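There are 2 protein chains.
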Amino acid sequence: MPKNRDAARANLENLYRIFTVPEAPDSTLGAIDKAITDDVTGFLQNHIVAIERNLEEIEAMFSSAAIPEEPTYVSEYTEFVKENLVAHSVHTAAPGFVGHMTSALPYFMLPLSRLMTALNQNLVKVETSKAFTPMERQVLAMLHHLVYRRDDGFYRQWIHNSQHALGAFCSGGTIANVTALWVARNRLFAPDGAFRGIAQEGLAAALKHRGADGIAVLVSERGHYSFGKAADLLGLGRDNLIKVKTDANNRVDLKLLRDECQRLQDRNILPLALIGIAGTTETGNIDPLEKLADFAQELGCHFHVDAAWGGPTLFSDRYRPLLSGIERADSITIDAHKQLYVPMGAGMVVFRDPTALSAIEHHANYILRHGSKDLGSHTLEGSRPGKAMLVHAGFSIIGRKGYELLIDMGIERARTFADMIRHHPDFELTSDPELNILTYRYCPLAVQQSLAEATVEQVVEINALLDQVCQLLQKYQREAGKTFVSRTRLRIDHYDGELTVLRVVLANPLTTEEILQSVLEEQCEIVQQPEIQSLLRQIEELCVGQGCDGTTAQQQRKCCSAGRT
Amino acid sequence: MPKNRDAARANLENLYRIFTVPEAPDSTLGAIDKAITDDVTGFLQNHIVAIERNLEEIEAMFSSAAIPEEPTYVSEYTEFVKENLVAHSVHTAAPGFVGHMTSALPYFMLPLSRLMTALNQNLVKVETSKAFTPMERQVLAMLHHLVYRRDDGFYRQWIHNSQHALGAFCSGGTIANVTALWVARNRLFAPDGAFRGIAQEGLAAALKHRGADGIAVLVSERGHYSFGKAADLLGLGRDNLIKVKTDANNRVDLKLLRDECQRLQDRNILPLALIGIAGTTETGNIDPLEKLADFAQELGCHFHVDAAWGGPTLFSDRYRPLLSGIERADSITIDAHKQLYVPMGAGMVVFRDPTALSAIEHHANYILRHGSKDLGSHTLEGSRPGKAMLVHAGFSIIGRKGYELLIDMGIERARTFADMIRHHPDFELTSDPELNILTYRYCPLAVQQSLAEATVEQVVEINALLDQVCQLLQKYQREAGKTFVSRTRLRIDHYDGELTVLRVVLANPLTTEEILQSVLEEQCEIVQQPEIQSLLRQIEELCVGQGCDGTTAQQQRKCCSAGRT
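Residue numbers (UniProt numbering), protein chains in the order written: chain A, 1 to 565; chain G, 1 to 565.
No lab work stands behind these hints, which were simulated from the structure alone.
Computed from a predicted model, the values in this text were never measured in an experiment.
Careful: at least some of the hints might be erroneous.
Claimed, not checked - Derived lysine to aspartate or glutamate pairs resembling DMTMM-like cross-links, with alpha carbons at most 25 Å apart:
| hint | chain 1 | residue 1 | chain 2 | residue 2 |
| --- | --- | --- | --- | --- |
| 1 | G | K475 | G | E522 |
| 2 | A | K373 | G | D426 |
| 3 | A | K401 | G | E79 |
| 4 | A | K401 | G | E76 |
| 5 | G | K373 | A | E498 |
| 6 | G | K373 | A | E83 |
| 7 | A | K373 | A | D151 |
| 8 | G | K243 | G | D266 |
| 9 | A | K475 | A | E57 |
| 10 | A | K482 | A | D493 |
| 11 | A | K291 | A | D493 |
| 12 | G | K401 | A | E76 |
| 13 | A | K34 | G | D496 |
| 14 | G | K34 | A | D26 |
| 15 | G | K34 | G | D6 |
| 16 | G | K401 | A | E79 |
| 17 | G | K401 | A | E498 |
| 18 | G | K245 | G | D496 |
| 19 | G | K34 | A | E298 |
| 20 | A | K482 | A | E498 |
| 21 | A | K401 | G | E13 |
| 22 | G | K401 | G | D317 |
| 23 | A | K255 | A | D192 |
| 24 | G | K255 | G | E290 |
| 25 | G | K373 | A | E457 |
As the list claims (entries may be wrong) - The calculated label-pair distances, taken between Cβ atoms and stated as ranges, are:
| hint | chain 1 | residue 1 | chain 2 | residue 2 | range |
| --- | --- | --- | --- | --- | --- |
| 26 | A | E76 | G | K475 | 44 to 52 Å |
| 27 | A | Q297 | G | L510 | 42 to 50 Å |
| 28 | A | S162 | G | K291 | 40 to 48 Å |
Cβ coordinates follow ideal geometry from the N, Cα and C atoms, glycine included.
Produce the entire structure from the sequences given, and follow the hints as far as they go.
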């Protein structure tokens with residue numbers, strides 16, 4: 001069957017072709033390459049957040065579970081991707097996308113990312129990374145220096161030390177936080193006499209060795225959800241992640257923290273780590289790090305700072321003092337894909353003690369041999385891409401001063417937006433921005449006044465309805481796709497309960513005051529929708545009811561006119 | 001100071017500029033973009049493995065721990081990257097780079113990766129990914145289907161189910177393996193009456209609840225080193241990762257496995273999981289999966305298959321039967337950055353039971369809310385890039401048949417290379433390729449014969465010297481940078497001990513027979529170096545010594561002439 005043989009040969013040639021690099025830009029692959037680049041450019045120049053289309057319709061395009069039998073032309077697939085994937089992505093770089101921590105990227109990240117992908121280095125070992133290993137070690141040292149500011153001699157000794165690593169480059173902040181607590185756990189139960197350490201003998205034997213009934217991690221209730229995963233994964237149990245209540249400014253309440261530690265001691269549970277947050281995910285607040293450092297020292301436990309979001313504030317001469325005490329942390333998480341403006345998938349953890357990562361050191365026969373400079377012997381992950389290169393590029397091209405400008409501008413923008421909200425008759429600021437994150441809700445001034453005078457039961461009822469308003473408002477705005485804010489649930493002290501609030505993260509340097517104004521304007525339009533109007537009418541009735549219990553008719557009118565058409 | 005104000009404004013404008021997309025290809029950024037692309041093309045068309053330069057010299061270029069104060073021009077930085085990073089990377093795509101699992105990429109992966117980076121989606125939640133979430137769910141379903149082949153109704157029910165996920169897309173196989181064992185652990189200690197489950201109460205309480213003294217994972221001594229990390233991380237302790245010896249074909253010895261389980265039972269340790277390997281990292285062998293499935297069923301424990309390497313063998317009609325029994329696994333790891341030819345940083349784990357991942361389910365207030373389709377509620381990692389798109393592209397463009405061809409060619413190439421080694425007078429094959437991985441060592445035929453007749457002590461002495469030869473050989477070859485093989489330590493039954501061997505992975509479709517021939521030729525040249533010649537002379541003397549104890553003079557000459565100049 002020579003025909004079949006010809007077909008097989010043609011298949012094989014096609015296969016070789018896709019693995020080779022196009023010599024000329026006018027080759028088919030070269031042309032497709034250019035078309036994709038142009039399409040990306042088009043996408044990025046488009047400043048809407050998303051095209052209005054519901055998820056179920058999109059799912060229909062991605063619903064076959066069978067891997068296609070036959071190959072497809074790259075050009076055909078590219079068309080599919082443009083129509084079905086790109087068109088229905090979220091424009092995380094749009095200046096009106098202010099709801100999450102994913103922002104615009106500096107454009108230079110794109111060609112450099114492509115370079116990184118093409119080199120396809122694997123940072124687990126020098127044999128598949130060569131220069132990328134020293135480069136990543138330098139990035140970790142730079143981050144270490146940003147936080148701990150040790151002298152040149154220190155870095156000369158440790159930066160390229162084959163026995164150690166100053167930190168670990170991770171796929172994200174979650175792995176960074178897990179790594180920090182893993183190190184803390186293994187150091188708490190280090191080898192000791194006949195006990196060969198928790199890494200070898202396990203948690204049950206470790207507790208027995210210390211005569212303890214458990215270990216606990218303490219963090220404020222604003223702590224990132226990754227700590228819950230870490231507590232589960234590391235065998236502590238979520239019960240032993242103690243979530244301490246915060247003060248009115250979303251910072252851990254030190255008095256309550258002390259009480260919790262006492263309770264742990266009474267139950268024979270060892271404190272494994274105190275966690276300070278430098279930029280809470282939901283409100284951007286910073287825990288009192290100096291005082292936490294003092295207390296961790298008193299307890300003799302690990303002090304970890306989750307600065308995944310707020311870490312780059314250290315670049316700012318003006319705002320660096322907000323993080324005072326961070327240099328006393330045993331470990332720090334910073335996400336590069338957040339305020340270092342690196343593409344998704346880049347987190348880092350650094351340790352004050354350059355030998356700390358020895359607690360999780362591991363080796364293998366074919367790589368990570370003793371004495372090698374392979375970074376993989378000190379990471380939770382195995383094979384990893386050369387993403388550190390993009391952090392290196394950011395540090396070099398933007399520079400300390402460039403990052404400072406970005407941080408300062410973000411904080412100022414948040415203050416400006418907070419002022420807009422404060423002065424707007426229909427919105428209530430629910431958390432003041434300390435960094436560049438704030439929360440607020442739709443709550444007309446008159447309702448706010450009414451709430452101030454209402455009974456506890458009335459407050460609960462009105463807030464429950466306002467929660468529904470907020471939830472729908474956020475949903476409709478997201479679906480319309482012009483601008484985007486996120487939402488969360490937050491305990492607000494003066495209402496003595498949890499509220500649904502809108503959350504805004506202001507890290508995109510292209511977000512202008514006009515755009516922020518338009519976010520509020522759009523929300524005022526959205527509340528005119530019948531479903532929300534019906535909720536507002538119910539609130540009005542409750543306010544009137546409350547008015548009957550003592551407020552004047554004038555107060556009643558004032559209370560209920562706002563926010564209604 | 002108007003001058004300073006002007007400077008500040010200029011800084012700000014520059015900052016905005018780097019965040020905006022160049023409108024025209026002849027803009028500065030457009031030109032740099034093109035220059036980087038051209039440089040990548042040049043790099044990829046270059047078929048050497050690495051430039052000869054020692055690591056210490058490279059480290060000098062990456063030794064400052066201070067983040068630069070001032071910004072740098074993108075063009076300037078690009079030059080730095082080209083000269084210091086790109087030039088000293090490892091050409092993992094070179095057809096002569098046959099030592100590790102990183103191979104060439106299909107060219108279409110580059111523009112698509114760039115697209116993925118530019119979109120900067122975050123797969124943790126729908127709000128930052130939209131179409132990417134259904135797309136990733138489809139990829140997981142496709143992989144599930146590849147292994148488990150459930151019917152259409154099954155996938156209709158589960159693929160886009162908001163309560164569940166068929167698997168987890170990870171940064172790599174390590175996180176995939178950890179996720180599998182985490183799920184297994186949490187299912188073994190599921191909530192039960194007053195016991196609220198290990199996720200909540202922790203490992204110590206869980207053991208107490210079951211009246212057990214520990215939990216163990218069993219895998220062959222060829223198991224990937226990530227299982228050691230998992231045992232440490234999950235609180236089992238490395239002692240409870242039981243590494244069972246293999247047979248002469250590097251497959252787990254079932255008799256010894258049974259003995260180990262008995263020993264665990266005697267010590268009141270529960271078997272948490274049996275692990276089967278489908279493509280061992282060092283030798284590419286496949287455990288007897290059917291028999292392991294039977295045994296796991298008998299024990300009532302989780303059966304995980306680490307198919308990080310060998311999983312894509314399922315694409316091949318011819319070789320799929322080698323993995324028979326894999327469809328009975330509770331969970332399976334497959335790395336996309338290995339034999340799916342996706343860039344670094346893409347692993348996956350799928351579960352037979354579509355509800356299995358509920359064991360590690362978690363929620364937060366601002367994302368991952370109950371009922372949302374956010375994939376992040378079932379992953380160990382948090383924020384993740386849209387890498388699943390590249391798996392989707394591979395499945396679509398290469399197709400099942402294309403991958404089949406790649407798999408079949410790789411296995412045949414390994415057999416060809418094994419034959420070359422078998423017929424070469426200076427090399428000894430130390431593991432026969434079952435898939436596309438093999439090991440061998442430099443050991444002239446006469447030395448092989450001599451070893452066959454030697455006493456145990458002589459064998460040990462000669463092998464120790466051959467180990468040194470192998471180690472130097474691999475080192476010099478890597479440093480020369482023309483071709484590359486890796487090395488490992490392997491227990492070889494008929495020598496009753498561990499040997500240093502060279503390891504070859506044949507996944508690059510551009511690796512020809514001529515290139516494989518040149519790998520051996522280069523090694524024959526390298527052994528001429530004085531340091532290695534000195535070792536070979538010592539081996540000769542030992543052989544002569546042995547000859548004195550009974551072999552003829554002729555045998556002596558034959559024994560010691562090979563491999564000497």
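Hints numbered earlier in the text: which of these fail when held up against the supplied structure? 2, 10, 13, 15, 17, 19, 20, 23, 25 and 27
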